[in-house]
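The task is simple: from the sequences and hints, build the whole structure.
The primary structure of each chain is shown beneath.
Protein chains: 2
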Amino acid sequence: MYKVKVYVILRESVLDPQGQAVTHSLNSLNYREVTDVRIGKYMELTIEKSEREINEVVDEICHKLLANPVIEDYRYEIEECVVQ
Amino acid sequence: MYKVKVYVILRESVLDPQGQAVTHSLNSLNYREVTDVRIGKYMELTIEKSEREINEVVDEICHKLLANPVIEDYRYEIEECVVQ
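These protein sequence lines are chains A and B, in that order.
Per our numbering, the first sequence starts with residue 639, numbered consecutively.
Per our numbering, the second sequence starts with residue 639, numbered consecutively.
Simulated from the structure, these hints should not be mistaken for laboratory data.
C-beta: ideal position from N, C-alpha, C; glycine also.
Don't take every hint at face value.
With a straight-line Cα cutoff of 25 angstroms, these simulated DSS-like cross-link-like pairs (lysine-lysine) come out [claimed, not checked]:
(1) A/Lys643 x B/Lys643
(2) B/Lys679 x A/Lys643
(3) B/Lys641 x B/Lys679
Computed footprint of chain B on chain A; a stretch qualifies when at least three of its residues, placed anywhere within it, have a C-beta under 8 angstroms from a C-beta of chain B [to be verified]:
(4) 642-652
(5) 661-668
(6) 675-687
(7) 699-706
Now the structure itself:
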């Protein structure tokens, strides 16, 4: 079994209005030291072992469903768990 | 200047309907090896140095605005950047 952590974030060149809203909220809560916020998604997947290579499966899943590769970048970490 | 990465995820005991929907979508796309998906938020903050301790500032921000401590857990990583 694998635990996969996927991080998806808007590309640098893409405007992030949600992040701007959070920056403004923080500034008005008097956290003026916060100059920028970018908001993305964080996902934890549990994947059973199969005959396919895990990296390949995760890459496909990210491309097809979890991220929009036109405007988003993603990265992931794979952890193998031993079930006892 | 600090780059802070914040990860927010629903507590284990809280149902995650969005994650269930993604699990079903993946299963119907023939990724039957995916047994569970939990969806959270990933945020990158840029914070200037101030007289306050950075850990304290980030903890406060997470508690007040970025996470709902009743149903969500958060963790963060702080990276110090040198501006040249």
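**Asked** Going through the earlier hints one by one, which of them does the structure break, listed in rising order?
**Response** none
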